[in-house]
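> Using the hints, position chain B against chain A.
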Amino acid sequence: MSNDVVLVLVVITALGFDFTNGFHDTGNAMATSIATGALPPRVAVALSGALNLVGAFLSLAVAATIASGLVSTSDVTLTVVAAGLAGGITWNLVTWLFGIPSSSSHALIGGVIGATMAAAGGHAIKWHGLTSKVILPAVLSPVIAALVAALGTWLLYRISRSMTEAARSHGFRIGQIGSACMVSLAHGTNDAQKTMGVITLALIANGTLGAGANAPFWVILCCAIAISLGTYLGGWRVIRTLGKGLVEIKSPQGMAAESASAAVILLSSGFGYSLSTTHVATGSIIGTGLGKKGAEVRWSVAGRMATAWVFTLPSAAIVGAGAEALARGVGGTAGVIVDLLILAAVAGVIYWRSRSSKVDHNNVNAEWDGSVAPAVPEPAAA
Amino acid sequence: MSWINYNALWKIILYGVVLGAGLPALFAVGLVSLSRGNKVQTAGGETESDSLIGGNPLGMLLAAICFLIVLVAIGWGIYEVYKIGHPAATPAPAPSPSSH
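These protein sequences, in sequence, are chains A and B. Under this note's numbering, the residues of the first sequence are numbered 1 to 382, in order. Under this note's numbering, the residues of the second sequence are numbered 1 to 100, in order.
Check the hints yourself; a few may be wrong.
Unchecked claim - No farther apart than 30 Å at their CA atoms in a straight line, the calculated lysine-lysine pairs in the DSSO-like style are these: (1) B:LYS83 x A:LYS133; (2) B:LYS83 x B:LYS11; (3) A:LYS126 x B:LYS11; (4) B:LYS11 x A:LYS133; (5) A:LYS293 x B:LYS11; (6) B:LYS11 x A:LYS292; (7) A:LYS292 x B:LYS83.
Don't read these hints as lab results, they were simulated from the structure.
Okay, chain A solo, but in the shape it has when bound:
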């Protein structure tokens, strides 16, 4: 059955998305710990990867949101899922190239929505669910995280004011390891679930699983491994923007930011909001800059990020819709294969572009000079 070929392709693409989700989001948990020197860069990404693996198994609640809350499932076909994933991956890779911490969840949701609209029209979208479950939390969650982080930062400095600067820095670096681990765990419980939901959706669309089925164990396992491998690879470009670009961070601020992120993410999932870990982490980091006297928030960097956030849903939707239209134009299995070949080519070009301005564990903490890739000391240039 040719459908099985498509299904296998869709599952591989979904795992590919999960992988980009992992490396795009390493920074959410680990950027501040790396920036303050609480953890060596490579230890940080390894730890975060392992905890994402654990987190993916810890909670299985969020997986259903993407499958049933946003689009009418009867209109979803394997081709739609493939096209949606193409939209999500493309946006993730482009923002990663520019070092912008945009939301992987929104990229995925945008892609799926765009592809569904192209396939079945606007009535297939649950607009109320989209607004109340995705767009409003996207606006509110960074603000709440910023408030909590600002308050936390103020408290930490106030309480620890009798300590010597060196002892304080030492103590909160230890605390940061714990709070960063909580964010990694929270990330696994949230973001790995979204890919599980999409693969389950594909299996249901194919008839392999009955409607309303839960994610099978192999899906959970594959998603957990894909996201933790991606996390381990480390999205150094995004880590750099978050850790060095927004605010210069000291260890008490790092711990305050991470604690705020972990609390807000875990609480929100508890209330059924599958929100963007990226938005929360960024809000926390800005908050920690606001909570410390004399700390400077680089609003130009923050503004660039906010712009990217606004464009995430529509951009991924447009790519998803384009991919769906193309796949339908070509038709059948060949259409999906054409989509995925183009996606692979785009990914290749972006990877090649990224090589010319490399950011890795060696230069991730270089002084912020206004660009993602630190200036390379060129031997001959003036």
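Just chain B now, with coordinates in the frame of chain A:
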């Protein structure tokens, strides 16, 4: 259907402040207690020590209590997440709502 669930919103803010800012603050109290007895910032040019252990017994006890509360709260939080993530801990898995 309302656009914003205010009930969830204020709870997220309240618990967020208690857990997200309160727990690190408690950790900070523990750090300060632990380092009690360390000599205060010296006026001279000598490099300050980054040692955290001050050696005051009362301070160490208070620190231990603070750190313990933080750890218990984190453990409880992880357990809650697990409980939410695995509803119906009974042998028969609850039938999930079927989608059409």
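> Do the alpha carbons of A:LYS126 and B:LYS11 lie within 30 Å of each other, as the hint requires?
holds (26 Å)
> Holds or violated: B:LYS11 and A:LYS292, Cα atoms, limit 30 Å.
Roughly 26 Å separates the two Cα atoms, so the pair holds.
> Given the hinted pair A:LYS292 and B:LYS83, is their Cα-Cα distance within 30 Å?
Violated, because 36 Å separates the two Cα atoms, which is more than 30 Å.
> Straight-line Cα separation of B:LYS83 and A:LYS133 no greater than 30 Å?
holds (22 Å)
> Holds or violated: B:LYS83 with B:LYS11, Cα cutoff 30 Å?
Status holds; Cα separation ~18 Å.
> Just to be careful, I want the Cα atoms of B:LYS11 and A:LYS133 compared with a cutoff of 30 Å; is the pair within it?
Roughly 16 Å between the alpha carbons, so the hint for B:LYS11 and A:LYS133 holds.
> Can the restraint linking A:LYS293 and B:LYS11 be considered satisfied, given a maximum Cα separation of 30 Å?
Within the cut-off at roughly 29 Å; holds.
The structure is inconsistent with hint 7 alone, although it conforms to all the rest.
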